[in-house]
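Sequence lines, in order, name chains W and V. The number in the numbering used here is simply the position in the first sequence, starting from 1, with 857 added. The number in the numbering used here is simply the position in the second sequence, starting from 1, with 111 added.
Misleading hints may appear alongside valid ones.
Derived list of chain W stretches under chain V, where covered just means 3 residues or more per stretch with a C-beta under 8 Å from a C-beta of chain V [what the hints assert, rightly or not]:
id: 1; region: 902 to 915
id: 2; region: 943 to 954
id: 3; region: 964 to 971
The list that follows gives simulated cross-link-like pairs (lysine-lysine, DSS-like), each with its CA atoms no further than 30 Å apart [as the list claims (entries may be wrong)]:
id: 4; chain 1: W; residue 1: K877; chain 2: W; residue 2: K921
id: 5; chain 1: W; residue 1: K923; chain 2: W; residue 2: K898
id: 6; chain 1: V; residue 1: K153; chain 2: V; residue 2: K112
id: 7; chain 1: V; residue 1: K211; chain 2: W; residue 2: K923
id: 8; chain 1: W; residue 1: K921; chain 2: V; residue 2: K112
id: 9; chain 1: W; residue 1: K921; chain 2: V; residue 2: K153
id: 10; chain 1: W; residue 1: K871; chain 2: V; residue 2: K112
id: 11; chain 1: W; residue 1: K877; chain 2: W; residue 2: K923
With the C-beta cut set under 10 Å, the calculated list includes, among others, these residues of chain V facing chain W [said to hold, decoys possible]:
id: 12; residue: V115
id: 13; residue: I118
id: 14; residue: Q149
id: 15; residue: G152
id: 16; residue: L155
id: 17; residue: E167
id: 18; residue: A202
id: 19; residue: T209
id: 20; residue: Y212
id: 21; residue: G217
I should point out that these hints are in silico values taken from the structure, not numbers from a laboratory. Cβ coordinates follow ideal geometry from the N, Cα and C atoms, glycine included.
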Amino acid sequence: GAVVSQHPSWVICKSGTSVKIECRSLDFQATTMFWYRQFPKQSLMLMATSNEGSKATYEQGVEKDKFLINHASLTLSTLTVTSAHPEDSSFYICSAPGLAGFSYNEQFFGPGTRLTVL
Amino acid sequence: KQEVTQIPAALSVPEGENLVLNCSFTDSAIYNLQWFRQDPGKGLTSLLLIQSSQREQTSGRLNASLDKSSGRSTLYIAASQPGDSATYLCAVDLASGTYKYIFGTGTRLKVLA
Numbered sequence: 858g859a860v861v862s863q864h865p866s867w868v869i870c871k872s873g874t875s876v877k878i879e880c881r882s883l884d885f886q887a888t889t890m891f892w893y894r895q896f897p898k899q900s901l902m903l904m905a906t907s908n909e910g911s912k913a914t915y916e917q918g919v920e921k922d923k924f925l926i927n928h929a930s931l932t933l934s935t936l937t938v939t940s941a942h943p944e945d946s947s948f949y950i951c952s953a954p955g956l957a958g959f960s961y962n963e964q965f966f967g968p969g970t971r972l973t974v975l
Numbered sequence: 112k113q114e115v116t117q118i119p120a121a122l123s124v125p126e127g128e129n130l131v132l133n134c135s136f137t138d139s140a141i142y143n144l145q146w147f148r149q150d151p152g153k154g155l156t157s158l159l160l161i162q163s164s165q166r167e168q169t170s171g172r173l174n175a176s177l178d179k180s181s182g183r184s185t186l187y188i189a190a191s192q193p194g195d196s197a198t199y200l201c202a203v204d205l206a207s208g209t210y211k212y213i214f215g216t217g218t219r220l221k222v223l224a
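Sequences and hints are given; from them, build the entire structure.
Structure below.
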């Protein structure tokens with residue numbers, strides 16, 4: 858099946874700094890990618906849709922100026938958490954829909970990035 | 112607004128038991144439904160994908176069924192093993208095929224040796 862990678866797998870930063878997380882589709886192109894957030898013992902919540910060549914669309918309640926998304930190419934989307942605070946500490950997971958050649962309409966998820974803000 | 116609920120929230124069983132995990136959704140107009148497992152601190156592993164036109168999918172000891180009209184899906188795990196211990200999540204894709212997944216609340220499964 859298709860593979861989605863994320864980098865870094867974990868990051869610890871000081872409050873007020875910015876952190877960039879990368880999401881790559883390794884063996885397929887993804888014009889659309891999705892970013893999810895998961896707090897401890899909770900399920901995944903969709904944050905935003907990353908669109909190659911255009912602006913990202915954000916779900917209700919997600920601050921677009923705080924979570925900057927850039928879909929630089931057909932295989933790379935980045936999420937930057939700006940001026941991070943402890944409440945931003947979470948598990949961030951990206952996904953991309955598979956092409957028909959791999960598996961029709963299936964979502965492929967990255968391994969996640971654990972962000973801890975001190 | 113679509114809401115996805117999973118019952119039970121947690122389950123602990125002895126090895127070898129057959130299990131049924133339940134997933135219900137409030138809006139039956141879904142595009143597909145996917146079951147995942149998540150190990151502690153890890154990402155998601157896709158288990159089964161059921162298209163809206165399908166009623167079930169099978170993979171090894173896993174069988175997932177879908178009843179769109181009643182807004183329910185079940186994941187059946189046969190002959191459970193300690194390695195099956197994980198959190199199981201179901202997710203539905205909105206009818207428009209937006210690929211925007213709404214995740215369920217999860218079932219934490221522990222299979223005792």
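Results for each hint:
no.	hint	verdict
1	902 to 915	holds (count 3)
2	943 to 954	holds (count 4)
3	964 to 971	holds (count 7)
4	K877/W / K921/W	14 Å, holds
5	K923/W / K898/W	24 Å, holds
6	K153/V / K112/V	28 Å, holds
7	K211/V / K923/W	21 Å, holds
8	K921/W / K112/V	22 Å, holds
9	K921/W / K153/V	26 Å, holds
10	K871/W / K112/V	37 Å, violated
11	K877/W / K923/W	12 Å, holds
12	V115	8 Å, holds
13	I118	14 Å, violated
14	Q149	9 Å, holds
15	G152	7 Å, holds
16	L155	4 Å, holds
17	E167	16 Å, violated
18	A202	8 Å, holds
19	T209	8 Å, holds
20	Y212	6 Å, holds
21	G217	5 Å, holds
Hint violations for this structure: numbers 10, 13, 17, all remaining hints satisfied.
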